[in-house]
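Residues 1 to 127 (the working numbering) make up the sequence shown, in order.
Everything labelled a hint here was simulated from the structure, so no lab data went into it.
Remember, it's a predicted structure, so these values are computed and weren't measured experimentally.
Where hints are given, some of them may not hold.
[To be verified] Straight-line C-alpha distance at most 25 Å; calculated BS3-like pairs for lysine-lysine:
1) Lys109 - Lys69
2) Lys92 - Lys109
3) Lys48 - Lys27
4) Lys48 - Lys109
[What the hints assert, rightly or not] If you anchor each label on the Cβ, the simulated ranges turn out as follows:
5) Leu105 - Glu55: 21 to 29 Å
6) Val75 - Ala98: 35 to 43 Å
7) Ala74 - His39: 15 to 23 Å
8) Gln77 - Gln106: 19 to 27 Å
9) Arg50 - Gln77: 18 to 26 Å
10) Glu34 - Ile54: 29 to 37 Å
11) Lys48 - Asp102: 47 to 55 Å
12) Asp52 - Glu104: 15 to 23 Å
13) Gln97 - Asp52: 35 to 43 Å
14) Ile108 - Arg50: 28 to 36 Å
15) Lys48 - Val75: 27 to 35 Å
16) Arg71 - Leu118: 15 to 23 Å
17) Glu34 - Arg76: 33 to 41 Å
Here a beta-carbon is modelled for each residue, glycine too, at the ideal position from N, C-alpha and C.
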Amino acid sequence: MRRWLLLTVFIAATLPLMAEEEPVHAKIRDSVGERIPTHTVAPTYPRKARRDRIEAEVQVCFDIDRAGKPRRIAVRQSTNRAFERPSIRAVKASRFQALADDKELQSIKSCRTFIFSLESVSDLLGG
Numbered sequence: 001m002r003r004w005l006l007l008t009v010f011i012a013a014t015l016p017l018m019a020e021e022e023p024v025h026a027k028i029r030d031s032v033g034e035r036i037p038t039h040t041v042a043p044t045y046p047r048k049a050r051r052d053r054i055e056a057e058v059q060v061c062f063d064i065d066r067a068g069k070p071r072r073i074a075v076r077q078s079t080n081r082a083f084e085r086p087s088i089r090a091v092k093a094s095r096f097q098a099l100a101d102d103k104e105l106q107s108i109k110s111c112r113t114f115i116f117s118l119e120s121v122s123d124l125l126g127g
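With the hints as extra help, turn the sequences into a complete structure.
Below, the structure written as structure tokens:
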């Protein structure tokens, strides 16, 4: 009986913490030129940063190959290192429109800026 009581108290105490696990996303600002994103992945807000109410902005620059995959991904600017890895992972998982065989591959760097804010995304977009 005591074990069930402890379990019930534990569950009741952790429910508010589980409610905070709703996904918090970053606003994304692109400068990808003519290459159209076909699949954009938003980075995961670092749990510890969310808990500590830390916000940040990370700019990641990369090349896009003929198939539409990001290559040579690097952080150009960052206001907090804790947000860099999730930003790089998001760019790696994103895809862009493939280039037709008759088109020339341009070597222009593309950049994507992630704005990590604890405000809801609709608030950031003005909606």
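The hints, checked one at a time:
1. Restraint check for Lys109 and Lys69: satisfied, since their Cα atoms lie roughly 13 Å apart, inside the 25 Å limit.
2. Of the pairs offered as hints, the one joining Lys92 and Lys109 holds, with about 15 Å between alpha carbons and a cut-off of 25 Å not exceeded.
3. In summary, the hint linking Lys48 to Lys27 is supported, as the alpha carbons are separated by about 19 Å, within the 25 Å threshold.
4. Our distance criterion of 25 Å between C-alpha atoms is broken by Lys48 and Lys109, whose separation comes to about 31 Å.
5. In this structure the supplied range 21 to 29 Å is violated for Leu105 paired with Glu55, their Cβ-Cβ distance being about 36 Å.
6. The supplied range of 35 to 43 Å is broken by Val75 and Ala98, whose beta-carbon atoms lie about 26 Å from each other.
7. Between Ala74 and His39 the beta carbon distance is about 21 Å. The supplied range of 15 to 23 Å therefore holds.
8. Checked against the hint of 19 to 27 Å, the pair Gln77 and Gln106 passes, with Cβ atoms roughly 23 Å apart.
9. A beta carbon spacing of about 21 Å between Arg50 and Gln77 agrees with the range 18 to 26 Å that was offered as a hint.
10. Taken as a hint, the range 29 to 37 Å holds for the pair Glu34 and Ile54, whose Cβ atoms sit roughly 35 Å apart.
11. Checked against the hint of 47 to 55 Å, the pair Lys48 and Asp102 passes, with Cβ atoms roughly 49 Å apart.
12. A hinted range of 15 to 23 Å for the beta carbons of Asp52 and Glu104 is inconsistent with their spacing of about 47 Å.
13. At roughly 38 Å, the beta-carbon separation of Gln97 and Asp52 lies within the given 35 to 43 Å, and the hint holds.
14. At about 34 Å, the CB distance of Ile108 to Arg50 agrees with the hint of 28 to 36 Å.
15. Here the CB-CB span from Lys48 to Val75 is close to 19 Å, at odds with the stated 27 to 35 Å.
16. Arg71 and Leu118 have their C-beta atoms about 32 Å apart, which leaves the hinted 15 to 23 Å range violated.
17. For Glu34 and Arg76, the Cβ-Cβ distance of about 20 Å falls outside the hinted range of 33 to 41 Å, so the restraint is violated.
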